[in-house]
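Asker: Chains A, B, C and D supply the protein sequences, listed in that same order. So the first sequence is numbered by my numbering: it starts at 1 and just counts up by one. So the second sequence is numbered by my numbering: it starts at 1 and just counts up by one. So the third sequence is numbered by my numbering: it starts at 1 and just counts up by one. So the fourth sequence is numbered by my numbering: it starts at 1 and just counts up by one.
Hints are not guaranteed to be accurate.
[Claimed, not checked] Quick list of the computed label-pair ranges, beta carbon to beta carbon:
1) D43(B) - G44(D): 22 to 30 Å
2) L118(C) - R4(A): 42 to 50 Å
3) R35(D) - Q74(B): 35 to 43 Å
4) K113(A) - D89(D): 55 to 63 Å
5) T73(A) - L118(C): 46 to 54 Å
None of these hints come from the bench; they were simulated from the model. The beta-carbon is built from N, C-alpha and C at its ideal position, and this holds for glycine as well.
There are 4 protein chains.
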Amino acid sequence: MQIRVYYEDTDAGGIVYHANYLNFCERARSEFFFRKEMLPIVDGAHFVVRKMSCDFISSAKFGDVVEVTTQVTQMKGSSFELFHEIYRDEELLFSSTVLLVLVDNGKVKRLTKDIQNLLNSLFH
Amino acid sequence: MQIRVYYEDTDAGGIVYHANYLNFCERARSEFFFRKEMLPIVDGAHFVVRKMSCDFISSAKFGDVVEVTTQVTQMKGSSFELFHEIYRDEELLFSSTVLLVLVDNGKVKRLTKDIQNLLNSLFH
Amino acid sequence: MQIRVYYEDTDAGGIVYHANYLNFCERARSEFFFRKEMLPIVDGAHFVVRKMSCDFISSAKFGDVVEVTTQVTQMKGSSFELFHEIYRDEELLFSSTVLLVLVDNGKVKRLTKDIQNLLNSLFH
Amino acid sequence: MQIRVYYEDTDAGGIVYHANYLNFCERARSEFFFRKEMLPIVDGAHFVVRKMSCDFISSAKFGDVVEVTTQVTQMKGSSFELFHEIYRDEELLFSSTVLLVLVDNGKVKRLTKDIQNLLNSLFH
Numbered sequence: 001m002q003i004r005v006y007y008e009d010t011d012a013g014g015i016v017y018h019a020n021y022l023n024f025c026e027r028a029r030s031e032f033f034f035r036k037e038m039l040p041i042v043d044g045a046h047f048v049v050r051k052m053s054c055d056f057i058s059s060a061k062f063g064d065v066v067e068v069t070t071q072v073t074q075m076k077g078s079s080f081e082l083f084h085e086i087y088r089d090e091e092l093l094f095s096s097t098v099l100l101v102l103v104d105n106g107k108v109k110r111l112t113k114d115i116q117n118l119l120n121s122l123f124h
Numbered sequence: 001m002q003i004r005v006y007y008e009d010t011d012a013g014g015i016v017y018h019a020n021y022l023n024f025c026e027r028a029r030s031e032f033f034f035r036k037e038m039l040p041i042v043d044g045a046h047f048v049v050r051k052m053s054c055d056f057i058s059s060a061k062f063g064d065v066v067e068v069t070t071q072v073t074q075m076k077g078s079s080f081e082l083f084h085e086i087y088r089d090e091e092l093l094f095s096s097t098v099l100l101v102l103v104d105n106g107k108v109k110r111l112t113k114d115i116q117n118l119l120n121s122l123f124h
Numbered sequence: 001m002q003i004r005v006y007y008e009d010t011d012a013g014g015i016v017y018h019a020n021y022l023n024f025c026e027r028a029r030s031e032f033f034f035r036k037e038m039l040p041i042v043d044g045a046h047f048v049v050r051k052m053s054c055d056f057i058s059s060a061k062f063g064d065v066v067e068v069t070t071q072v073t074q075m076k077g078s079s080f081e082l083f084h085e086i087y088r089d090e091e092l093l094f095s096s097t098v099l100l101v102l103v104d105n106g107k108v109k110r111l112t113k114d115i116q117n118l119l120n121s122l123f124h
Numbered sequence: 001m002q003i004r005v006y007y008e009d010t011d012a013g014g015i016v017y018h019a020n021y022l023n024f025c026e027r028a029r030s031e032f033f034f035r036k037e038m039l040p041i042v043d044g045a046h047f048v049v050r051k052m053s054c055d056f057i058s059s060a061k062f063g064d065v066v067e068v069t070t071q072v073t074q075m076k077g078s079s080f081e082l083f084h085e086i087y088r089d090e091e092l093l094f095s096s097t098v099l100l101v102l103v104d105n106g107k108v109k110r111l112t113k114d115i116q117n118l119l120n121s122l123f124h
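For reference, chain A alone in the conformation it holds in the complex:
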């Protein structure tokens, strides 16, 4: 998924504000669903980030076009783990491992077999 860096994404340091790389990854995750004409919402339950680790390797700046890649790296009964990388051309700018759970009204829900199949098909 390609993303353009606009003014709103940058800060007074002249580069993309650090938290906005997380937004870019979230867009890539959502886009997988949208491209299947689905929403990433299951019976009113939303996918929620539970843990995340991030490496900020280099910086994108205003006007850059970056590419976000997404891989499923783990799938458990009630959670799954993604690995995102953000590139500008061939240069790696950012990488992140993200653990997601499905939450309904504050409660973690089991991923049914159906959902797991769906995620597998969506993310591979």
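Model the placement of chains B, C and D on the given structure of chain A, informed by the hints.
Answerer: Okay, now just chains B, C and D, sitting in the frame of chain A:
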């Protein structure tokens, strides 16, 4: 209401990103309710901006503390109008007239007498 | 210009946060420059919004794809005016008239003939 | 540092958008400098997040007041590590370990003894 300008509020131009002055005004509107230990939500209906005009007079920058003022300038059956100004010390940076309506599930709701009294007391 | 609505664009009211329509318009303005392989920056001077009026007619929600249109409606010695509309399919959600100036270090700069020609060619 | 959750901080899931907890932590870091009447900028160099790990334990929602705590956990020649926690009353919502470096024009700079002393005094 005093608001500090953080990195997230600025852009690569080195100043506060224009749309963020609207956020500052919205915080001031919400804060009136919070300070009464209320939410700006009426039976599930949210206040929604219907019209707005804005003058961007000068710019706030990273680290500035600005002050947002709010006045009620009009109240009708189903809408009310606010006038916000944002100052840095004595210098006017921004002003805006905002027309708000109460919307429930996409439908504009009449402001009951109770709500009107409430708004009057909150905003004066 | 087509824009997808992601989680980051929405708020707890379930719809796009009002100030984010301004971001969408700014993306469309910047994109005109990017598509010419230019930045909307002239010798270190940035285009800055001076005045704006907005009509919020209907709401976009998570997952929607909206389209932003841009027209030049006025061009003066040191400013120009744009008219943006945001549609979801054929439905008008938002319109805005925006007056922009070119600012260098806090000072408004005259738009040279070259810049005016450029803007004319970019925006028509 | 106390932070109020406004509409802009939430998303259509009804809770604070995950990346915004990072903004809250950044505000707390910047505020240490502001309260000393300083900017977190050293001769044009900005502090930049290099690595981060985050636990999202529970969610803040519109109207909540949260508190961000900050501790220095490590200091090296050219980097330092902070540990942030975000609480709503006594409930831990979020924790994060953040590695920061001082960057000037894309290059990591050594933290001088002066800066180290300053950081030590600021953050303890």
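Asker: Confirm or reject each hint.
Answerer: Hint-by-hint comparison with the structure:
At about 53 Å, the beta-carbon gap between D43(B) and G44(D) misses the expected band of 22 to 30 Å. Evaluation of the 42 to 50 Å hint for L118(C) and R4(A) yields a failure: the beta carbon distance comes to about 20 Å. The supplied range of 35 to 43 Å is met by R35(D) and Q74(B), whose beta-carbon atoms lie about 40 Å from each other. At about 39 Å, the CB distance of K113(A) to D89(D) disagrees with the hint of 55 to 63 Å.
The given range of 46 to 54 Å is respected by T73(A) and L118(C), whose C-beta atoms sit roughly 47 Å from each other.
The structure fails to meet hints 1, 2 and 4 from the earlier list, while all remaining hints are met.
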